[in-house]
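Enquirer: We have chain W; now place chain R onto it with these hints.
What follows is the residue order along each chain.
Number of protein chains: 2
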Amino acid sequence: MKRILLIVLSVMAPVLIAAAQAPVAPNGIAYIPGYMTWKVIAPSYREDKGQIRIITGNEIAVAALHAGTKPLPDGSMLAKVAWKAEKHPVFPDATVPGAFMQVEFMVKDAKKYKDTGGWGFARFVGDELKPYGKDAGFVSECFQCHLPVATNDYLFTKIVRTP
Amino acid sequence: MKRILLIVLSVMAPVLIAAAQAPVAPNGIAYIPGYMTWKVIAPSYREDKGQIRIITGNEIAVAALHAGTKPLPDGSMLAKVAWKAEKHPVFPDATVPGAFMQVEFMVKDAKKYKDTGGWGFARFVGDELKPYGKDAGFVSECFQCHLPVATNDYLFTKIVRTP
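Chains as they are written, first to last, in the working numbering: chain W, 70 to 232; chain R, 70 to 232.
Extracted from the complex, chain W is given alone in its bound form (with noise of 0.2 Å):
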């Protein structure tokens, strides 16, 4: 009993070790990890902000976006991932990324954030990944830049076709 007790605590040690260090924004939304590892949705660049970004999206995201379904299902997350906009040092007519700066998330569940278009928001900041905003009011930011793509279920990101 007590060899099995040890196995799952080592198993589970990592898991508990990360759910306890991941970062929380204001509103309980938790920095979610392996977002790198989700689908491309598209490029931008924000020459305004000097940044480079990618647009990932879990596999009921992706879907629905191919599919053309809107709104965006329940479970439905989104990752705009922010780099410092850098010319390429050897090629500098090619802008490519630098330091990280920012990872912003956007979470579906149409009852909980009924409020927010059916939304709920997070920006985790720098390399310790500071959570974004005094208070869980910063969200009504997020969502007033987000009104003029309402009929685009508060997306501004159309996904990449290719042929």
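Don't read these hints as lab results, they were simulated from the structure.
Don't take every hint at face value.
Same chains, same label: a pair holds when it works inside one copy or across any pair of copies.
Stated by the list, open to error - Restricting the straight-line Cα-Cα distance to at most 30 Å, the calculated cross-link-like pairs of lysine-lysine (DSS-like) are:
{"hint": "1", "residue 1": "K180", "residue 2": "K203"}
{"hint": "2", "residue 1": "K118", "residue 2": "K108"}
{"hint": "3", "residue 1": "K181", "residue 2": "K199"}
{"hint": "4", "residue 1": "K153", "residue 2": "K108"}
{"hint": "5", "residue 1": "K153", "residue 2": "K118"}
{"hint": "6", "residue 1": "K139", "residue 2": "K156"}
{"hint": "7", "residue 1": "K203", "residue 2": "K118"}
{"hint": "8", "residue 1": "K153", "residue 2": "K181"}
{"hint": "9", "residue 1": "K180", "residue 2": "K118"}
{"hint": "10", "residue 1": "K180", "residue 2": "K153"}
Expert: Here is chain R on its own, set in the frame of chain W:
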């Protein structure tokens, strides 16, 4: 026996059709479907060409890039996918992908492609995926461009980092 043959044919048919339809570059490298299911290596933006891109890699390539293994091992495959760069219609500060423009592949086989740094190059242009190059000599153009990054195994792109 007939039944088994029918089953084998019905299973193989989509593969055979896909293989028959895949465009082939003048150096014999066939279009590689599935590159959008590979992991992201980085986004990039080419203002001079009006293109926004992502570079993806298969498991072998991505594992080697994360580990810092150079040169990359045989079997590594990278895709550079380019879309027309456009201002977002609602949020013009963001440059986003429009129409698909081209996809370029680099395929590692140190012996087969020893004259070009161990890399086989191919480019497929537009929605018709037209193979680039009049003859197999087109690769000298690719290789010349990649020569300045010879010390990085002829790769311009560094894999993005996240915390």
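Enquirer: Each hint should be assessed against the structure and marked as holding or not.
Expert: These are the hints, each one checked on the structure:
Proximity of K180 to K203 under the C-alpha cut-off of 30 Å is restricted to the intra-copy arrangement: shortest distance 24 Å within a copy versus 58 Å between copies. Taking the closest pair of Cα atoms, K118 and K108 come within 30 Å of each other both inside a single copy (24 Å) and across two copies (25 Å). For the identical chains of this complex, K181 and K199 are intra-copy neighbours only, at 24 Å inside a copy versus 48 Å across copies, given an alpha-carbon limit of 30 Å. Both within a single protomer and between protomers do K153 and K108 lie at most 30 Å apart by alpha-carbon distance, with minima of 21 Å and 20 Å respectively.
In this assembly of identical chains, the alpha carbons of K153 and K118 lie at most 30 Å apart whether taken from the same copy (9 Å) or from different copies (21 Å). Proximity of K139 to K156 under the C-alpha cut-off of 30 Å is restricted to the inter-copy arrangement: shortest distance 23 Å between copies versus 37 Å within a copy. Taking CA atoms no more than 30 Å apart as the test, K203 paired with K118 passes inside one copy only; the shortest distance there is 22 Å, against 42 Å between copies. With identical chains, the CA atoms of K153 and K181 are never at most 30 Å apart, being 33 Å at best within one copy and 38 Å at best between copies.
Proximity of K180 and K118 under a CA criterion of 30 Å is satisfied in neither setting, with 33 Å inside one chain copy and 45 Å between copies. Taking the closest pair of Cα atoms, K180 and K153 never come within 30 Å of each other, the shortest separation being 35 Å inside a single copy and 38 Å across copies.
When the structure is compared with the earlier hints, violations turn up for hints 8, 9, 10 and for no others.
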